[in-house]
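Which chain is which? The protein sequence lines are A and B, in order.
Counting from 7, one number per residue, gives the positions in the first sequence under my numbering.
Counting from 871, one number per residue, gives the positions in the second sequence under my numbering.
No lab work stands behind these hints, which were simulated from the structure alone.
All values derive from a computational prediction rather than experimental measurement.
You may find that some hints are simply not true.
[To be verified] Output of the computed footprint for chain A on chain B, the stretches with three or more beta carbons under 8 Å from beta carbons of chain A:
(1) 871-881
(2) 916-924
(3) 986-996
(4) 1028-1036
(5) 1047-1057
(6) 1062-1072
[To be verified] Below, computed lysine to aspartate or glutamate pairings styled on EDC-like, alpha-carbon distance capped at 20 Å:
(7) K981(B) with D108(A)
(8) K147(A) with E119(A)
(9) K147(A) with D108(A)
(10) K147(A) with E63(A)
(11) K1001(B) with E918(B)
(12) K981(B) with D66(A)
(13) K147(A) with E918(B)
(14) K147(A) with D131(A)
(15) K981(B) with E119(A)
(16) K147(A) with D66(A)
(17) K981(B) with D37(A)
(18) K147(A) with E101(A)
(19) K1001(B) with D66(A)
We put the beta carbon where it would ideally sit given N, CA and C, even for glycine.
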Amino acid sequence: MLTRGGRRGRTAASVALGVLLLLGTFVGQDDHFPFGPFRMYSTREDPDGLVLSTRVEAVDATGRVLVVPDTATGLRRAEIEGQAGRFRRDPALLELLSRAHDRIRPDEPPYVEVRVVERRYRLRDSRPTGEQTEQVVAAWKR
Amino acid sequence: MEALSRWLFRPAPLRRIAILRVIAYLFIPVDVLLTTPWVAAHAQVPGELYQPLLIGRLLPLPTPGPWVEVLRWVLIVAALIAATGRRPRTLGLLVALLYLQWMVIAFSYGKVDHDRVGFLVLLFALATVGKRGGEEAAGWAVQITTLAVVATYFLSAFAKLRFGGLDWVDGATLTRAVVRRGTALSTPLLDVPWVLHVFQYVLVCVELFVSPLLLVRWRDERRGWLLVGVFYGFHVMTFLTISIVFLPHCVALLALLPLERVRWRSRAPEPMVAA
């Protein structure tokens, strides 16, 4: 059996959890983790709009052009997208990805160029039309 | 208040907590080493790209660096010892706090995942069950985890309303998901957009109307199994179609099942259903 204090403490914790999760849902942001909104897939996409897909490309010291996998820099695609605004404003920050790559894969030739590329798929009636365009949105060169 | 109290403290067998401990604590090394190795990789990312969450700024937690490797192994060792059931409260709290710190490292680089709240609550809840509280304490741990699990589904419908608007259901969110992360199984669906459109309605309906049923402890236990089964089915499907799996959340979901009845020694482990 729980003591009275044990019950009271647990009841208070339950109410606090409920209130924080509700606050997170209606006014919180991801920044308030673990009490942020459960916003996975919560934005609405226009059925006649564009779907963006981001990737990181690099040119290494041997001149090869590579698509950079998440595992080579330690940043996931969604994280690159989450910080895309910073990379656009200050492309010099992409050097940090090159530095991360040097640490994670010291045996590979270093990156001398890093760029963030956005591919845009056009939709019509929620269906890809096949029309695609690509744009480099941030680039850094050693 | 009376009804809430009765719901919160509905006794649960201590054996269920013991089983949940083993599973949750053994899941931690799997999570840290195998299924989400990218968290540890953040240690290699230069500190300028660290964008600490509110909790990381308040506490304040240091910028990830070589110490992350130490934290990783301390977390793993603590979880392995906790899985033996020794010092459940002290070690349980230690593991929960270390895992929370691990989450701050995970989500402070521009993207927060939404599959962790149920598991975090489970970890903290497990640390509240000691020898004295008995089946009432066990019951509360199960119920508070249930609450967090259901909130993950139920409140996500309101997040859709908030960020996507009332016509979220008529948008192209799932099309976008398949374009970006489609699998061999889901890519053909891009040619039949009405399927994805209907599924958006199904998703919101399940979140709003089916997930709260998980809060009920059914007299006929088979209903409980069936409901939890529906949600596991949903997670398998999201994995097959957009290669996303809410693995830690799926571990927390186990708390809703009468695990204490599972006969582990029989040749094929099958649920024992009450007559």
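Here is how each hint holds up against the structure:
For the region 871-881 of chain B, the assignment as covered by chain A holds, since 4 residues bring a beta-carbon within under 8 Å of that chain's beta-carbons and 3 suffice. Under the rule that three or more residues need a Cβ within less than 8 Å of chain A, the assignment of the region 916-924 of chain B holds, with 6 such residues. With 4 residues having a Cβ less than 8 Å from any Cβ of chain A, the region 986-996 of chain B passes the three-residue criterion, so the hint holds. With 7 residues having a beta carbon nearer than 8 Å to a beta carbon of chain A, the region 1028-1036 of chain B meets the requirement of three or more and the stated coverage holds.
With 3 residues bearing a CB less than 8 Å from a CB of chain A, the region 1047-1057 of chain B meets the requirement of three and the coverage assertion stands. Residues of the region 1062-1072 of chain B lying with their CB closer than 8 Å to a CB of chain A number 3, which satisfies the three-residue condition for coverage. Taking the CA atoms of K981(B) and D108(A), the gap is near 23 Å; set against the 20 Å cutoff, the hint is violated. Between K147(A) and E119(A), the direct Cα distance comes to roughly 4 Å. Compliance with the 20 Å bound is thereby established for this hinted pair.
Straight-line distance between C-alpha atoms of K147(A) and D108(A) comes to about 15 Å, which keeps the hinted pair within the 20 Å bound. Taking the CA atoms of K147(A) and E63(A), the gap is about 12 Å. The hint holds against a cut of 20 Å. Distance hint between K1001(B) and E918(B) is unfulfilled; the C-alpha atoms sit about 46 Å from each other, more than 20 Å. A hinted pair counts as satisfied when its Cα atoms are at most 20 Å apart, and K981(B) with D66(A) does not qualify at roughly 27 Å.
A threshold of 20 Å between alpha carbons decides the hint, and for K147(A) with E918(B) the separation of about 18 Å falls inside it, so the pair holds. Between K147(A) and D131(A), the direct Cα distance comes to roughly 40 Å. Violation of the 20 Å bound is thereby established for this hinted pair. As the CA atoms of K981(B) and E119(A) are separated by approximately 24 Å, the hinted pair breaks the 20 Å bound. Between K147(A) and D66(A) the alpha-carbon distance is near 11 Å, which keeps this suggested pair within the 20 Å criterion.
Restraint check for K981(B) and D37(A): the C-alpha separation of about 9 Å stays at or below 20 Å, so the hint holds. About 8 Å separates the Cα atoms of K147(A) and E101(A), which keeps this hinted pair within 20 Å; it holds. For the suggested pair K1001(B) and D66(A), the alpha carbons sit about 60 Å apart, so the restraint of at most 20 Å is broken.
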